[in-house]
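S.K.: Residue numbers (the numbering used here), protein chains in the order written: chain A, 1 to 467; chain B, 1 to 467; chain C, 1 to 484; chain D, 1 to 484.
Note that these hints are calculated values from the structure, not bench results.
One or more of the hints may lead you astray.
[Said to hold, decoys possible] 27 Å max Cα-Cα, derived DSS-like pairs, lysine-lysine: (1) D:K320 with D:K302; (2) D:K161 with B:K152; (3) C:K187 with A:K327; (4) B:K327 with D:K202; (5) C:K190 with C:K11.
[What the hints assert, rightly or not] Short derived list, chain C residues pointing at chain B, Cβ under 10 Å: (6) A16; (7) P51; (8) A89; (9) A297; (10) P298.
Values in this document were obtained by computation on a predicted structure and should not be read as measured data.
Glycine residues also receive a C-beta, built at the ideal position from the N, C-alpha and C atoms.
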Amino acid sequence: MPFTYNTPEDEAAMLAAIGVGSIEELLEQVPADFRLDRPLRLPAALGEMELDAHTRRLATRNASPTSHACFLGGGAYDHFVPAVVDAIASRGEFYTSYTPYQAEVAQGNLQAMFEYQSLVTRLTGLDVSNSSLYDGATAAAEAVLMALAASKGRTEVVLPDSLHPEYRQTIATYLSNLPGQVVTLTTPHGVIEAEALRASVNEQTACVVIPQPNFFGCIEEADELTRIAHEAGALVIAAYDPISLGVLKRPGDWSGEGAGADIAVAEGQSLGSPLQYGGPYLGMLACRESLVRRIPGRIVGQTTDRRGNRCFVLTLQTREQHIRRDKATSNVCSNQGLLALRATVYLALLGPTGLRETAHLCLQKSHYLAEQLCQSGRFEKVFAAPTFKEFVLRDRQADVAGFINDGLEHGFLAGIPLGRWYPELADCVLISVTEKRTREELDRLAAIVSSTRHGDAIAAHSALQTA
Amino acid sequence: MPFTYNTPEDEAAMLAAIGVGSIEELLEQVPADFRLDRPLRLPAALGEMELDAHTRRLATRNASPTSHACFLGGGAYDHFVPAVVDAIASRGEFYTSYTPYQAEVAQGNLQAMFEYQSLVTRLTGLDVSNSSLYDGATAAAEAVLMALAASKGRTEVVLPDSLHPEYRQTIATYLSNLPGQVVTLTTPHGVIEAEALRASVNEQTACVVIPQPNFFGCIEEADELTRIAHEAGALVIAAYDPISLGVLKRPGDWSGEGAGADIAVAEGQSLGSPLQYGGPYLGMLACRESLVRRIPGRIVGQTTDRRGNRCFVLTLQTREQHIRRDKATSNVCSNQGLLALRATVYLALLGPTGLRETAHLCLQKSHYLAEQLCQSGRFEKVFAAPTFKEFVLRDRQADVAGFINDGLEHGFLAGIPLGRWYPELADCVLISVTEKRTREELDRLAAIVSSTRHGDAIAAHSALQTA
Amino acid sequence: HDTQLLFDLSKPGRRALRLPTCDVPVQPIETLLPAGAIAEQAPALPELAEPQVVRHFTNLSTQNMSVDSHFYPLGSCTMKHNPKRNERAAGLAGLGDLHPYQPESTIQGMLALLYDLQEFLSEISGLPACSLQPAAGAHGELTALWVAAAYFRDRGEQRTKVLVPDSAHGTNPASAIMAGFETVTVKTLKSGAVDMEDFRAKLDDHIAVFMITNPNTVGIFEPAMRQIADEVHARGGLIYLDGANMNAILGVTRPGDFGADMQHYNPHKTFSGPHGGGGPGAGPICVTEKLASYLPAPIVVKRNDDNQAPVYSLDYERPKSIGRVRSFFGNTGVLVRAYCYIRTHGPDGLRRVSEQAVLNANYLLSRVKHFLPVPQGDRCMHEFVASAKQLKTERGVSAMDIAKRLLDFGVHAPTVYFPQTVPEALMCEPTETESKETLDAFAEMLFRITEEDPELLHTAPHTTAISRPDEVAAARQPTLCHCG
Amino acid sequence: HDTQLLFDLSKPGRRALRLPTCDVPVQPIETLLPAGAIAEQAPALPELAEPQVVRHFTNLSTQNMSVDSHFYPLGSCTMKHNPKRNERAAGLAGLGDLHPYQPESTIQGMLALLYDLQEFLSEISGLPACSLQPAAGAHGELTALWVAAAYFRDRGEQRTKVLVPDSAHGTNPASAIMAGFETVTVKTLKSGAVDMEDFRAKLDDHIAVFMITNPNTVGIFEPAMRQIADEVHARGGLIYLDGANMNAILGVTRPGDFGADMQHYNPHKTFSGPHGGGGPGAGPICVTEKLASYLPAPIVVKRNDDNQAPVYSLDYERPKSIGRVRSFFGNTGVLVRAYCYIRTHGPDGLRRVSEQAVLNANYLLSRVKHFLPVPQGDRCMHEFVASAKQLKTERGVSAMDIAKRLLDFGVHAPTVYFPQTVPEALMCEPTETESKETLDAFAEMLFRITEEDPELLHTAPHTTAISRPDEVAAARQPTLCHCG
């Protein structure tokens, strides 16, 4: 038992002080007929060395973006994580502390959260941010609930097909037992059409969720769409990619400064967090000042202490479940503090120039790859709309699985088949290109598509090994 | 320039304050004819992401004890490093601090060093320890210099062939321009013979270095050898493996408690430090009280501060180069503080039971493997002496290179050929087994030796992949 | 105390990260993106050098108390030791870096781990079906309530109410509301037990779920658990077990065996996942067989073909599923740590965890009760709630005063003012990963504090960088960001 | 201030690490080992639980000042920022875990890195041959002197003396003695420059090596470097360059170009390897062509066969080599970090490092000289030495008082009382990785201190856990271990 302290002598002394003869006697608080009368059926304990060997063995049974060049996106991205982010986030004082209920001994977390909130408002162009939610999808769902609550009486939520399918599914679950209906907007051309939106919004519309860039990587006409939604009295919820804000207009600025989105949500994994098979990630949520008391989750505020020093505390807690119980804005308790810290460190390292350069590299490289893949003749672009860092291609051979398998064989995680979510796009693949991908990798991926001869591809692969 | 701060505005302000027009003007302190008039011929700068990709590419061009089961020893061992050791040693306050010259802001390092010294005296059974030297070989050389200085007039240093050849080479270098001659003791049976030692020591002998276990993994008759050396008035320098002290008698106890080795040196890499291709490692040196003022390197002592609190300081500094210059006991300045910290954490985690269990696993598993390999018929034991965790085998097929290549092919770093250091053992291999090796690995290594058919071996290898 | 913000440290032109130059032909951005979509300038992030960033956050970190550095008896939060070995495993290339949409063939190791974890959690809870998807405890509660709602909907039953004891975590009623139920509060007795009279008065055929925390939030095992479960079940309702206190009962008793139909886990409490300053956690849930088909998709399944190595895959074909409750698989990084923790302990070790947690809590209770009354009595499971009511009445010393003063002694405060059923509550959960020496020192500190000058306590803490921040001002005129 | 030692925390029976049971047949230990070799009991190590170990060392760490947390202007030590990216690279599987006796075919990536590093160091120094083997700066000095001795022996010359300026690091004379030479001290002037008269008086045909630090230890570039080198060379001697101060001249000038025959590097200073609380460092050396054959073996060599990828190997066939100076290849972990640092900077970046280091030092000098005289004058390279002599005389305030008081302000002290040629010396090296803001704050602190009440200073520091330890008592009756 490496993590417990009590020696047999300790136990004896403690039991005597308690006034019982054994630990068993203490456990008699649990009625006998509830007691488990056998050991749990679990594998026997592993020492650290065995655990280490075991987990390493499991890890070697996986391919990963470390071993394979990764072109998978779809809401989770292989962006570069600077070493400083890991170094800071692995400090025990950060990752082994709890929710900062005692502000005097939690200024580290509280100030970092305040900095996070400040960075998010600067990123989005909105007034306030909370200190994190679970992930992009639940942040979107919480934003929808905020909008429904804010626009009393309105019950419709317009979701375009170009919004991440798992976000749409999550929102549907969140609405499943509540008054609030999803109105689906089809996007046959890969983006929301202004006319279609105009036809979908009315006095029942609480909000419209506008993804930017959307799930297909396409750029929505956010200015126009925002105007349409606002004209109908609906709130606009932006679902943005934080990296894209190195080049794209901020949600708060859509359709003109201060006239933009009312709430902006994002998956913050791109900002310095590892992919770790889907989570924990970082739900980001910012909004206009007027919505501040409807925000779900923790918020940190600045104040002064009894000596007059600037300091930070959890604030507006009357929104929260631990105070308001069934009247709370949300049931959120644990948030993603450590991931928000990672995003804070990441953005501090990047600065405005680093963010812009990162976004530009994604933009340029993804367009280059799309072009190379289309030139092969096997693929064609599906949507005409401009894209940021990912794009949808149609395999003229209708063999997406084959393409992905060929990629694997040559050291690539080549793309995401879209058939699971979009049956009509069963012959299509979503390909994402981050700043990490080198031209050499892009050219090799294009080469295995162009070449049907196996030998060439193998040669390309060996080239990598000697690089 | 990610690590510098000055903006052009800063530079201008600073130059103005200094009273010069440019940095160039400051550099004119260097005479013009010495100035380099071209850029250094170095590769262009890499951003962090590029550096990361580059170093990962270099790493994938190496096989390693992470990817291959490692049976290499010879003074550097693949022992298990608990995660706590890495977590503590990667705290910036430890690894980015300097030699604790200002005790008030270095109690962390000073106390850890004091604990290290205390642990080493308990490990060795000797009175005092310094706070580290470069590695085992230089610790041995420094010990020899100590012994020569202590036994004024005596100039001979007896080194057996069973001492690590690189330790012998290092000692020879250290003695190259000093009064002090090496007397070599051959060890045809893998250990020092008492009679041979008796014949080599005399009133000129300053010291005898006794390795335990020795380079061949064999157990020396340390008690008897110590008595012989001491009878001749020579000092005994033990060169021990710290892990072996989980089962073997402490150097200070050789030939009876308090009658043992006078100085004990070791390579401390085994105690929680990574292999990292040969360094940095940890030179350990402990000795009797009477030799304390001849110790090379830093020593930490306990004292009290002006308020009467227990605290720790660098002490006995009049031995050292920064005070005594050409009268110092050694020129050592930088030591291996971070590695000593690792050893301290490692020993704190192991405790007496963990150290004993680790030693026992090495002992049992190495004997098991030796037996399995010999049963194959291809190998035979070379020396009759008992061994601890490594052993020398002779390849009856005299194809050590073939054995090692076969091993590589099946995922093993199988052993160290001895021919480089011992031409007479050119058909021999040194094999080491730590607690990390599993029976399955030992059996598979034995299997590839037994089997001459390639197919079987491949099958054995695939078994690993699916484990 | 230096409260310089990142923004205060910024100077135009500083850089901490240099990106490579573009190695593909660069096209004018206007040809790639519509003019209206392009930002006029980059967001006003601070401009810093790397050493600044490192020093800023390193020093910030030391303003926190944490389990790595301090005793942290924050009741209900199970602030136990966070093993470094788990951090190492979760960070391995091949585990920590997998993309959520990789082909299943490329993640067999990860799926095997997750499948086994599903099985482990089911075995520990006695509830056979498991979903690893929820992102946190409260999210698990909500997911389970959605499952319950789907179950009743499927059966054509109109059940609108959820019973919640007044001592429950605030997440319980909040989750019930989000799942579309109304909450009905059930009173508890001074002992912390459910007031059976009140319970029976409120139990009817509209009750969908009784959300019970057992051991409850004062740390006692619900004495009427059997009756509660039987009577709820008799009315066709379901029992939901708030798993926050699982640390008390691992291998001792199983929720599925004492009547629960659903439960969540807090792996970051029970299974030592670090709390990360408030998160991330995870909230896997286990349910009975009859509720299994409503769990969120996907779930990891295992196929054993004859004589072949097992093949793992993700089962999305769950037509009755409530659907997704979040994106991607789940908080896998947290789940990997939980898996490691369970593998490290095995059956005997897990039971010993609970035994030692209960021993430590009872020992601390026995030391403290003499000067800080513990209304629930002399026994507890893994935590107990002391009350400073008498001190407050007699000397004006509040639970908050005691909590703040403890900070001066280098110990984190217990949870205060929860549960609301105990006046001036101090909820202490020492966990099994603390020593008798630490508990003795803590008890002595508490005693010493109860004897100290109340004035000293009202203004505590005295040794921390800041003291008693003005929370009222913070909430009244909120400053929520440093606006550039 | 808690000074509990590991031993104070120990209790019999505690365990932090569980080893697996033996999976091979266990034989009685007496059948494997001779009775006389077996220990009667295990060493008396402390017995601890893992949380204790983590908390103990976490809290110990915060008792240190470090570059990650504080400005650390410790002259001559180049306490610059230690990039985290280098730590990551050095810890990679495949770089950080290689066994030193792996077959060369299995370490081509590592050998390529080390080969390139040899080339980089040669280019930066202007000295064409390189050995990466020495373990630290002082070890590099010693190795170079062994090389010199071997060179002269090979030429049949009897040279017994090494010239060392009185301002040199103590390692210089200490290394000279260990290499079998006698040291002859050369005086320096108040400006820090070599006293040429004294130098010429001591230069003769028995001089093997002049060990010069340039920029020297007061931070000025030796004005008579040309003459010194010419005159030593004319007498057949060699110039050794103590590379501690290379941070001042990267890409600006090269030791090989200003007359050095040999030099060492301190990668943990110049190339940002962290200092680790006193080590590890590394001490690679570069030498001229004529000395190359005496370098320690092995050296990494590269073979380019036609149209093949280059093959790297270790060259042990060096018959004139002085032999080994340590075991294994070298302090590779430190060298990997140096390699990363050089690759991160490239030619322009390295030069900029020195430019900024010189700018920062001169700026600080310009701010400080008004109240803390700098005897060497108004200019320096990367560091300078101020003197508190006047303060000492007039107000009784010593360099040590100032150093200790700085700790109260959250800044590490400069190097004090070195070089011994400057009375009440305060040697400041700000490095290029500090900001103007930090330098301004530091200068203000220094000024404020010089105005403070001397009594306050004599008893400083006041805010640290301990203050002014009794070093005399420590040395007189040494307590060097906690003896069980």
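S.K.: Could you run down the list of hints and mark each one as holding or not?
M.R.: Status of each hint after checking the structure:
no. : hint               : in the structure
1   : D:K320 with D:K302 : holds (20 Å)
2   : D:K161 with B:K152 : holds (24 Å)
3   : C:K187 with A:K327 : holds (18 Å)
4   : B:K327 with D:K202 : holds (20 Å)
5   : C:K190 with C:K11  : violated (59 Å)
6   : A16                : holds (5 Å)
7   : P51                : holds (6 Å)
8   : A89                : holds (8 Å)
9   : A297               : violated (29 Å)
10  : P298               : violated (25 Å)
The structure is inconsistent with the numbered hints 5, 9, 10, although it conforms to all the rest.
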